[in-house]
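**Q** Protein chains in written order, with the working numbering: chain A, 1 to 454; chain B, 1 to 454.
Keep in mind that the hints were calculated from the coordinates and are not lab data.
Among the hints, erroneous ones may be present.
To be verified - 30 Å max Cα-Cα, derived DSS-like pairs, lysine-lysine: (1) B/K304 with B/K6; (2) B/K214 with A/K404; (3) A/K214 with B/K322; (4) B/K322 with A/K103; (5) B/K304 with B/K135; (6) B/K322 with B/K204.
Unchecked claim - Which stretches of chain A does chain B cover? Using the computed rule of at least three CB atoms under 8 Å from a CB of chain B, they are: (7) 28-40; (8) 101-109; (9) 244-255; (10) 290-297; (11) 398-405.
Said to hold, decoys possible - To spell it out: a stretch of chain A is covered by chain B in this simulated footprint if at least three of its residues, at any positions, have a beta carbon under 8 Å from a beta carbon of chain B; those stretches are: (12) 18-25; (13) 430-444.
Positions of the beta carbon are idealized from the N, C-alpha and C atoms, including for glycine.
Number of protein chains: 2
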Amino acid sequence: MATPLKIGIIGAGSAGFSLGLVKDVCLTENLAGSLISFMDVDGERLDMVHRLAARYADEVGADLRFETTQDRQDAIRDADFVINTAYIKGHYHARAMRDITAKYGYFYGGVSSGGAETYQFMLDVCADISRLSPKAWLIQTQNPVFGGTTLMTRETDVNVVGLCHGHYGVYEIANVLGLTDTEDITWQAPGLNHNIWLTHFYYKGEDAYPLLEKWIAEEGENYWRTHVAERTHDTQMSRGTIHQYRMFGLMPIGDTPRQGGWWWYHTDMETKRRWFGEPFGGPDTPTAREFYVKGNEERLAEIKRVAEDTKESVAQHFGTEKTREQHLMIIEGLVNNVEQYVRVNVPNNGALPGIPDNVAVEVPAIVNVKGIQPLRVPPLPEKIMYECILPEWLEMERSLLAFKTRDRSMLLYNVLQNHQTRSYDDACAALEEVLSTSGNEDANAFWQYPAELV
Amino acid sequence: MATPLKIGIIGAGSAGFSLGLVKDVCLTENLAGSLISFMDVDGERLDMVHRLAARYADEVGADLRFETTQDRQDAIRDADFVINTAYIKGHYHARAMRDITAKYGYFYGGVSSGGAETYQFMLDVCADISRLSPKAWLIQTQNPVFGGTTLMTRETDVNVVGLCHGHYGVYEIANVLGLTDTEDITWQAPGLNHNIWLTHFYYKGEDAYPLLEKWIAEEGENYWRTHVAERTHDTQMSRGTIHQYRMFGLMPIGDTPRQGGWWWYHTDMETKRRWFGEPFGGPDTPTAREFYVKGNEERLAEIKRVAEDTKESVAQHFGTEKTREQHLMIIEGLVNNVEQYVRVNVPNNGALPGIPDNVAVEVPAIVNVKGIQPLRVPPLPEKIMYECILPEWLEMERSLLAFKTRDRSMLLYNVLQNHQTRSYDDACAALEEVLSTSGNEDANAFWQYPAELV
């Protein structure tokens with residue numbers, strides 16, 4: 001008989017993860033007898049997810065207990081696993097920031113208030129775990145997974161594994177190529193989170209890159225001219241992604257094409273559409289964000305409606321297939337020895353050559369009762385290391401160093417690095433305006449110049 | 001009695017180095033009986049430097065033999081030292097390139113034809129040395145010293161040491177602060193060539209950074225408002241240099257302020273003057289370049305005139321003080337055990353923490369008959385590593401990888417990285433126009449796209 005667990009879910013009301021997590025939890029028989037502790041600052045969403053989970057569990061016959069709390073420490077106390085999916089400031093705040101920076105000529109962002117709240121939140125969660133459930137595993141999906149996993153594993157003794165679902169982009173490639181049975185596809189895409197590269201891509205045991213080349217030659221132009229995305233993130237086969245394949249030599253997977261050459265693909269809506277397709281131009285546009293936020297709201301409304309409508313079956317409505325998210329794979333592997341092949345973000349320790357040991361890399365791993373065992377992968381091509389991976393490593397290190405030193409000039413450095421910054425004076429003004437905006441009071445106090453600039 | 005040597009000087013007619021080298025050679029008594037082989041592709045300049053050297057040696061009573069050759073291998077054959085000061089394409093070609101890129105909105109450059117000729121030239125010199133004088137030391141002052149020293153020490157067995165005089169910028173600081181006796185100043189400024197940082201700065205045994213702080217507070221603004229540079233490179237105490245000291249935490253020395261935050265200090269003439277002073281705005285401006293090239297021409301004309309005017313004493317005209325250049329220090333140290341404390345560019349091998357062993361660093365070294373012995377220096381501050389040093393390391397690695405793979409898309413990547421690039425299409429067009437310009441035929445053939453872009 002399986003050991004009952006306590007799983008604490010931070011940010012349990014998140015639109016992106018809550019439904020899937022509830023389903024996966026309820027559909028995992030090995031969790032029988034376990035306690036799921038939903039934590040969110042939003043009481044209404046908490047009620048929603050609780051109701052959904054209770055009804056879903058009831059319908060599928062899952063032997064689970066649920067509790068809700070707005071106190072993070074309640075969810076963490078004595079937990080075996082803590083899942084952190086929190087999103088600190090919300091999409092509306094991000095939009096307000098973008099409106100400010102637009103005045104200075106930035107398209108959709110460009111000036112960050114530093115992200116100290118998020119890094120601090122991660123350390124606070126770890127501090128709670130160290131005190132209240134020191135043997136727990138923290139499953140981190142809150143972004144930035146790259147910097148956050150690196151930070152937490154450097155600064156605390158908590159067991160942390162970072163998860164992302166971007167790597168499933170490889171199945172979008174397969175789908176467009178007509179390779180519909182995912183069982184026939186084997187692949188590897190190591191790197192840093194949101195910066196992963198398809199080093200191996202096999203279909204029925206044979207290299208499938210030639211199929212991609214054939215598609216580019218014979219169908220690419222037509223696809224790019226006629227394809228209309230239904231999802232904002234439907235960019236895996238866009239012109240911009242293939243262009244990056246051409247520029248860097250391997251296919252960038254999932255969120256990777258959003259990072260590569262940030263500025264030249266992303267200067268304005270027209271350019272974004274050229275590279276990432278109609279109608280959204282990829283996920284990082286006003287059009288896409290509006291659609292995405294609206295979609296989230298509709299999804300939350302749907303969950304709420306169905307959860308409350310006792311005449312409808314929630315299991316029937318949302319289905320009884322597990323998602324492809326890896327949270328429960330990690331748990332079942334570690335606890336129940338259900339061995340799994342997963343993609344995780346963990347301190348490198350030699351798994352990916354050329355990256356320091358104490359930097360989180362995204363690599364394949366075997367997970368079972370012996371632990372999460374990252375596989376050593378071959379080196380990425382030097383070109384990708386020097387043009388894509390190592391520059392982002394430095395950017396991440398700068399973000400951690402800035403957080404540690406509270407150095408406002410490192411924020412200014414970031415603004416100055418932005419290719420849309422028009423001048424030094426503009427950079428200073430934009431940064432000060434962002435930091436003095438309502439909602440950024442803590443950030444404004446946090447970041448200090450070590451010496452007065454001249 | 002000292003052992004006679006053969007010293008081959010490649011690019012012996014260079015305006016920047018020839019006079020100083022001739023003086024230093026003639027004023028070094030330990031070279032008695034040695035042969036100096038001047039090599040240059042320009043026969044007229046060769047005659048000039050030969051005449052100058054013969055007369056100078058005669059006047060100061062130096063026991064030296066001189067020969068001239070337009071064949072590099074003659075200069076290298078059986079040499080004990082080879083000094084490479086060659087400049088491959090000349091200032092006029094650089095100006096032509098800049099005129100082209102100006103059309104695309106770049107101020108003063110922005111699109112490189114890749115520098116393959118220079119790297120290839122360095123390897124060719126090394127191949128000659130390996131064959132004709134395998135025990136020789138190559139003293140490399142031809143730029144890029146950073147990438148070149150790294151390349152040659154990785155790819156060949158030749159003994160290479162890279163030299164630069166930028167570190168003497170520390171005496172310009174001292175001079176402006178009124179610390180006139182250089183004997184009282186001790187300092188250290190390690191890093192990468194053209195990217196070095198004043199970690200130690202003592203005057204009469206006491207930390208002199210507080211004197212700098214006092215100057216900034218009490219005299220800085222007045223200096224920046226009123227100082228008029230007489231040399232194009234007179235930027236060590238400019239507002240831009242002090243601004244970088246504020247941004248990064250240590251004083252950048254010599255050519256370093258030209259690198260740091262390239263684009264935001266360097267967008268146009270007005271901005272350059274703001275940061276690097278009147279009238280030139282630092283060395284990388286049309287005004288400065290014109291002045292500099294004119295100065296070089298005048299200097300060459302002066303050398304030529306004096307060398308030919310047998311009624312005038314060349315030694316009296318040019319003085320009998322050695323320069324501060326380190327070429328002869330290296331030679332006397334290695335051959336005659338005249339121990340010297342020098343600043344050299346050599347493969348790191350642990351001298352500067354956080355840089356791979358096979359990357360050339362600029363560090364202090366002791367030179368004597370036992371060899372050139374780099375001193376281990378403390379780590380640079382993390383902020384400087386992540387914001388200044390490591391990004392330039394990556395840039396250098398990209399330049400070497402591009403050279404090795406002949407990958408045109410890496411040149412395009414560089415153009416796209418330029419902050420003044422207005423769009424992707426502009427970047428492509430500017431690159432193609434530069435590569436198809438007269439004088440760049442070899443580069444245009446050298447650089448190939450590995451796959452057609454989409």
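**Q** A separate judgement is required for each hint: does it hold in the structure or not?
**A** Hints versus structure:
no.: 1; hint: B/K304 with B/K6; in the structure: holds, 25 Å
no.: 2; hint: B/K214 with A/K404; in the structure: holds, 29 Å
no.: 3; hint: A/K214 with B/K322; in the structure: violated, 67 Å
no.: 4; hint: B/K322 with A/K103; in the structure: violated, 58 Å
no.: 5; hint: B/K304 with B/K135; in the structure: violated, 34 Å
no.: 6; hint: B/K322 with B/K204; in the structure: holds, 25 Å
no.: 7; hint: 28-40; in the structure: violated (count 0)
no.: 8; hint: 101-109; in the structure: violated (count 0)
no.: 9; hint: 244-255; in the structure: holds (count 3)
no.: 10; hint: 290-297; in the structure: violated (count 0)
no.: 11; hint: 398-405; in the structure: holds (count 3)
no.: 12; hint: 18-25; in the structure: violated (count 0)
no.: 13; hint: 430-444; in the structure: violated (count 0)
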